[in-house]
Each structure stands twice: as C-alpha cells, then as structure tokens.
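> Read off the chains here:
2 protein chains.
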Amino acid sequence: MTESETGVGGRPTLESVAERAGVSRATASRVVNGGAGVRAALREKVERAVAELGYVPNLAARTLVTRRNRAIGVVIAEPEARFFSDPFFAQHLRGISRELAAADNQMVLLLAEDERDHERIGRYLAGGHVDGVLLFSLHRSDPTPETVHRLGLPFVIGGRPGWPGAESDRDLVYVDNDNRGGARLAVQHLRSLGRRRIATITGPLDQTSSVDRLDGYRDLLPDGDADLIAVGDFTADGGIRAMTELLARRPDLDAVFAASDVMASGAIRVLRAAGRRVPEDVAVVGFDDVESIAAWTEPPLTTVRQEIEEMGRLMTRLLLRRLNDPGASAPSSVIIPTGLVVRESA
Amino acid sequence: MTESETGVGGRPTLESVAERAGVSRATASRVVNGGAGVRAALREKVERAVAELGYVPNLAARTLVTRRNRAIGVVIAEPEARFFSDPFFAQHLRGISRELAAADNQMVLLLAEDERDHERIGRYLAGGHVDGVLLFSLHRSDPTPETVHRLGLPFVIGGRPGWPGAESDRDLVYVDNDNRGGARLAVQHLRSLGRRRIATITGPLDQTSSVDRLDGYRDLLPDGDADLIAVGDFTADGGIRAMTELLARRPDLDAVFAASDVMASGAIRVLRAAGRRVPEDVAVVGFDDVESIAAWTEPPLTTVRQEIEEMGRLMTRLLLRRLNDPGASAPSSVIIPTGLVVRESA
Numbered sequence: 001m002t003e004s005e006t007g008v009g010g011r012p013t014l015e016s017v018a019e020r021a022g023v024s025r026a027t028a029s030r031v032v033n034g035g036a037g038v039r040a041a042l043r044e045k046v047e048r049a050v051a052e053l054g055y056v057p058n059l060a061a062r063t064l065v066t067r068r069n070r071a072i073g074v075v076i077a078e079p080e081a082r083f084f085s086d087p088f089f090a091q092h093l094r095g096i097s098r099e100l101a102a103a104d105n106q107m108v109l110l111l112a113e114d115e116r117d118h119e120r121i122g123r124y125l126a127g128g129h130v131d132g133v134l135l136f137s138l139h140r141s142d143p144t145p146e147t148v149h150r151l152g153l154p155f156v157i158g159g160r161p162g163w164p165g166a167e168s169d170r171d172l173v174y175v176d177n178d179n180r181g182g183a184r185l186a187v188q189h190l191r192s193l194g195r196r197r198i199a200t201i202t203g204p205l206d207q208t209s210s211v212d213r214l215d216g217y218r219d220l221l222p223d224g225d226a227d228l229i230a231v232g233d234f235t236a237d238g239g240i241r242a243m244t245e246l247l248a249r250r251p252d253l254d255a256v257f258a259a260s261d262v263m264a265s266g267a268i269r270v271l272r273a274a275g276r277r278v279p280e281d282v283a284v285v286g287f288d289d290v291e292s293i294a295a296w297t298e299p300p301l302t303t304v305r306q307e308i309e310e311m312g313r314l315m316t317r318l319l320l321r322r323l324n325d326p327g328a329s330a331p332s333s334v335i336i337p338t339g340l341v342v343r344e345s346a
Numbered sequence: 001m002t003e004s005e006t007g008v009g010g011r012p013t014l015e016s017v018a019e020r021a022g023v024s025r026a027t028a029s030r031v032v033n034g035g036a037g038v039r040a041a042l043r044e045k046v047e048r049a050v051a052e053l054g055y056v057p058n059l060a061a062r063t064l065v066t067r068r069n070r071a072i073g074v075v076i077a078e079p080e081a082r083f084f085s086d087p088f089f090a091q092h093l094r095g096i097s098r099e100l101a102a103a104d105n106q107m108v109l110l111l112a113e114d115e116r117d118h119e120r121i122g123r124y125l126a127g128g129h130v131d132g133v134l135l136f137s138l139h140r141s142d143p144t145p146e147t148v149h150r151l152g153l154p155f156v157i158g159g160r161p162g163w164p165g166a167e168s169d170r171d172l173v174y175v176d177n178d179n180r181g182g183a184r185l186a187v188q189h190l191r192s193l194g195r196r197r198i199a200t201i202t203g204p205l206d207q208t209s210s211v212d213r214l215d216g217y218r219d220l221l222p223d224g225d226a227d228l229i230a231v232g233d234f235t236a237d238g239g240i241r242a243m244t245e246l247l248a249r250r251p252d253l254d255a256v257f258a259a260s261d262v263m264a265s266g267a268i269r270v271l272r273a274a275g276r277r278v279p280e281d282v283a284v285v286g287f288d289d290v291e292s293i294a295a296w297t298e299p300p301l302t303t304v305r306q307e308i309e310e311m312g313r314l315m316t317r318l319l320l321r322r323l324n325d326p327g328a329s330a331p332s333s334v335i336i337p338t339g340l341v342v343r344e345s346a
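Keeping their order, the protein sequence lines are chains A and B.
Going by full-length UniProt numbering, the first residue of the first sequence is number 1, and it counts up by one from there.
Going by full-length UniProt numbering, the first residue of the second sequence is number 1, and it counts up by one from there.
If we strip away everything but chain A, and leave its shape as in the complex, we get (with noise of 0.2 angstroms):
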C-alpha cells in the first residue's frame, strides 16, 4: 500500500511525520492506513507526529494511483421494510458478500427507496468509492442503472431488466431465473392435480420478475379469466389482499400460485380464515423455496425453487471478471433454471 503526498498548499506531508517521528515512511505509512502489524511503542510515536504536524492523509490519493477500490456497491431499489421482510434478500446477498470476501472485495450497501435516493447513490457512484456495481430488484423506472452506464462503471444486474431496447444491449449483464419457464412448471403441476380454476397473484407489475411469472401462468392458460388474476406487491400483506380479492370474485377457485413464498403464506393465511382446507379445497404453490418460509408454513408449501444464494454468487463472478480483465469480451447473461419443490401445499 502507498501513500503518495503532495504537499499541496503547504499541508504536511508524509514524509515530515516519518521524520518527526524518526520511523521509516513505509512505517508511517501503515500506520495512517489503520494497518496492523506495526508496534505499538512506534504506532504511538507516529500518532503523536500526527497529531503535533495537523497531518491530514491524503487518502483519495491511493485510488489515483491504484485506480481500484477493490470494493463493490451493491444498489437495492426496494424500501427497508420490504428489503427485511423478504429473505429472498438475505439469501441473495448471503451469495453476494461470500463470493466478494473470497476475492477480498468490499460489499459497500446502498438502499434506495424513492428518486432523491437514487440521485445521491448516483453521485455517490461517480465519487469513485467503488470499481463496480450489482444492481438488483429494479423497477421499471429506476434511473441508476442508465447513471451506472454513462458513469463507464462495469455492472451486472440481477434479474431481467425490462426497460426499452435492454434486451439487445450487449453491454447489459444480467443473471436471472428461469422465472417464466418456472411459473409454468407451477400450473402444470396444479394442473395435473385436476385443478382447473387455477388463480394467480402476482409481484408489482413494474417488476419483469412478477410479468414473466405472469407469462408463464398464461402460456398454460391463454384462455384464463382475468378474475382469476390479481396484484399483489411481494409482501405478506399483499398476498393476503389479493387472496381475499380473489375469492370475493371466484368463491369457486380451486387452486392459487402465488408468485412468492410471502405472498402464498398471507394467501393460505385467508384461506384457512375463510374456513378452505389447504390443500383439500384449494391448493397452493409459491414461488422461490426461500429457507425460513416454505418449510415451516402450514401445511409445508409447494413451491418453485429458485437459486437465489447462486444468483447472488454468479453475479459477482461476472463482475469481478469484468474487472479483472476489461480487455475480455463481455460475458453473456445467465439464465438459471428453476424446478419445483413439492411439499403439502399442492
């Protein structure tokens, strides 16, 4: 590690503390960088030089020099409280910081809930704090991934982006699920089981996650009614307004793939409050096989497994790729195949 010092406008430099306290400036140098390894009877000696000469690190110096961070930022377009509420989100960045602290990279996190959020993140990004971005949960409208862009920060997104024209920029690196191929394994399924009035709740339309889960219902059911279809958001409470919706307008459903895990526990929530049997009446598949979900729902929870950890890990390797030889081509996005899980539910 280096330490370059300039001087500029008198300001003491590196130099003048390793002298003042009569160490080598490689010595004084790991010490203003909070390295270890230096004893403490020379550590004191050099704070003291410090202290005495104003000396102020010249930090943002190293990454002139180095032009790496070795740290990554991690934008997350969702609100706290969904961003906790979901363990689809510990999973993913479980797969995130694993794979970054194997490559000794820095997870630096950064929330974003509304507009001026994604203003300061943009500002923040182009402050050159970090060598590259993994950008998740977008909706349609989040302006940081076109900031990313002109910012010339290598990225990969985690899920399909959905915005006009991604789909053939070759520049955009994303990794997904199968979510499509995934719902329709769900209807199949409930499909094989005899069900025939097979409703669906969905994810926030904004979301290509929710549309192609949506798109799967519908290739197995092109002639559905729309009254079987309803809205939710991925949240507990959504799954548990639109389970309540749905029944009010087809009292006659006999099955329901939720397009979450969170939302399929709120929906058998209403279902059991409406005195339906799980799966006798009505049968139930979520979507995700998130760990502490699924498993422990009453009864246990068909579902469709996706790899979130996995997703997370891969994301990282192409980005970290990316960074390491920029001169590569760019990789090609990856599609993760699901497959169901099945459990009581359905």
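A few of these clues could be false.
[As the list claims (entries may be wrong)] Here are the in silico distance ranges between beta carbons for each label pair:
1) I336/A - S332/B: 49 to 55 angstroms
2) E52/B - A226/A: 49 to 55 angstroms
3) R197/B - I336/A: 49 to 55 angstroms
4) A226/A - R39/B: 41 to 47 angstroms
5) E344/B - S168/A: 58 to 64 angstroms
Derived by calculation from the structure, the hints in this document are not laboratory data.
Ideal placement from N, C-alpha and C gives every residue a C-beta, glycine not left out.
Based on these hints, arrange chain B on the given structure of chain A.
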C-alpha cells in the same frame, strides 16, 4: 462540482474531451459526473468524445478538493443471518437512513461477520470514502472502533461500548437505551404478579446490552439461583435452546424474562410444546417491543419497549453535528429511557 485532471502519464484530460465534443468544460464535467440537466444531444457528443479518447474520469480528485463525500458508513458487526432475522436492525436502520436522507447524506452499509471482514472494512474506511461512521451491535473484541479512532474519522456508537477504558474516554460518543433499568422493570412486573421463580434468557455476554439486562435482573434478584439463568444469542433458535435447558433444570419455574422479543417468541413455543400455559403457568416478558413480533406472538408479548428508531435518529444527528461543526466540544452520550408495555404474556 469541479473535476480536476492532471493528464498524468499522457492520459486524456477533461479539457481534451470538451474540446473534441465542442462543448464547454463545465458541460463535459456535468456529463462525466452523471449530473442531470444536460441536453441529450450534447450528452451524446460528450459520451462519444469520452469513448474515442478513452478518457477515465479523475473521480477521486473531487474528494481531495472538497474533503467531504456526504456519505456516512454504517458498520454492523453481525452475520447476515442475524441482521435479517431480527427486526431490531430494520427499525434501527430506518431511523438512521431517514435522518441521513433528510440531510442528503448517503448511507453506506458495511457488514462485518469475522475478523477478515473487519480488516477489509478498516481498509475501506481508510480509503476516505465516508466522512464519518456509525457503529453498532459491537462485540467486545471488534477492532473497528479502534481503527476508526486511529483514522481520525468522527464516529458515534450505538450501544454502550464495553472495552476497558471506554467509559472514561471522552472521545467516545454513544447512544443507548436504558437496558439495566428496563430489565428491572420487567422483573419488578413479574414479582408484582406474585411470580417467585423467575428465570432469564440472556443475549450473548460479549455485548453490553446483554450484560446490562442481566445486571438489571440481578439487581432485583441478588440471591438468585444460577440454574435460572440461561445464555442465549438473540436468535429464536437461541431462545428455544435456552428455554429447553431452563425447563430441564428448573421445571418449577413460573416466569421468564427473555432479553429480546425474538428469543421470547422462541421460549413461548417451547413452553407451549411442553404443555405450559402462558401466562397462567409461566409468565413471559420480552425486550425490544419490535413491531413485527411483540404484538403478534400468541399470546401477545408483554415487553420492555426501547426506542429503536429514535436511537438510530439520535446517533445520526450527533454524528452530523460533529461533522458540521468539528470545533464544537464533543457531544455527550445519551441514554434513552425504556418503559414496560403490558400485553397478555405476563
């Protein structure tokens, strides 16, 4: 916003970009910095010039000039598993992020689970990417407070620091809830209900919040039986394990004070599975009053309320005050009073 450039090593400068694009230096700077307010046609010209010249923005230079990133690091010394499963953190962060957003400062979230994470965070903080640091959920051996101190970064701690000498260090500013007083309220309440064999489930004893709550319990039960004390870890599983232990050791216990709501919910599950009625056979009091747990256990939880979001807000305000007026005398630490919320479990 200024963009300094040096042309080190013959690299293209912002001036050369502006010249090639046929725009002013200010416009080129705005485009390069991701700022808004530049017409699409001009932006394209600048972007083309950037691409053609291979210009790399001298981003870190800005920090050298302003020495202010308008960004605050929030270091949380917990594994993701706990960070996401205990709603305490969501509420705490909500307070911090709202206060930071109001002051237009970016929240930069850094999670530390093991020693290598702390080292990496130390390096990132030394890189000058944030103006100050909020630290919370510290364990006794966490090295980050010392690192931050050595780097000269202003910081505020959430929770009383527990290392030797911390109490007398005037530079250490912290915000805490009255953990000891709150624990006393809980035990007092249980005694007023006529309970005589009051057990407690503690948090991990390398955290002062756990130690202080245990001290409050002991204040009222100075001759208490050690068999009535079980060490937990602030997780539901920890609460389950500790309650199982307590029941095995003292099947005659008639009350439990759990040092967190999450652990109390685990304890209630064990008690019900063992055929004990709550509160008739065993009264249970928790600690925290987190929104999504205390009111939803069966029966609803009597608990010690701490102002979690307010704690986050206060920490942030103290830090921002320190940043905005470095000459002012260090603010004092703040202890927020706790109160008892009586519901049905005791």
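> A separate judgement is required for each hint: does it hold in the structure or not?
The hints, checked one at a time:
1. I336/A - S332/B: 49 to 55 angstroms: For I336/A and S332/B the Cβ distance comes to about 53 angstroms; the hint holds.
2. E52/B - A226/A: 49 to 55 angstroms: Since the Cβ atoms of E52/B and A226/A sit about 52 angstroms apart, the hinted range of 49 to 55 angstroms holds.
3. R197/B - I336/A: 49 to 55 angstroms: Since R197/B and I336/A have Cβ atoms about 54 angstroms apart, the given range 49 to 55 angstroms holds.
4. A226/A - R39/B: 41 to 47 angstroms: 43 angstroms, holds
5. E344/B - S168/A: 58 to 64 angstroms: Holds - the Cβ-Cβ distance for E344/B and S168/A, about 60 angstroms, lies within 58 to 64 angstroms.
Checked against the numbered hints above, the structure violates none of them.
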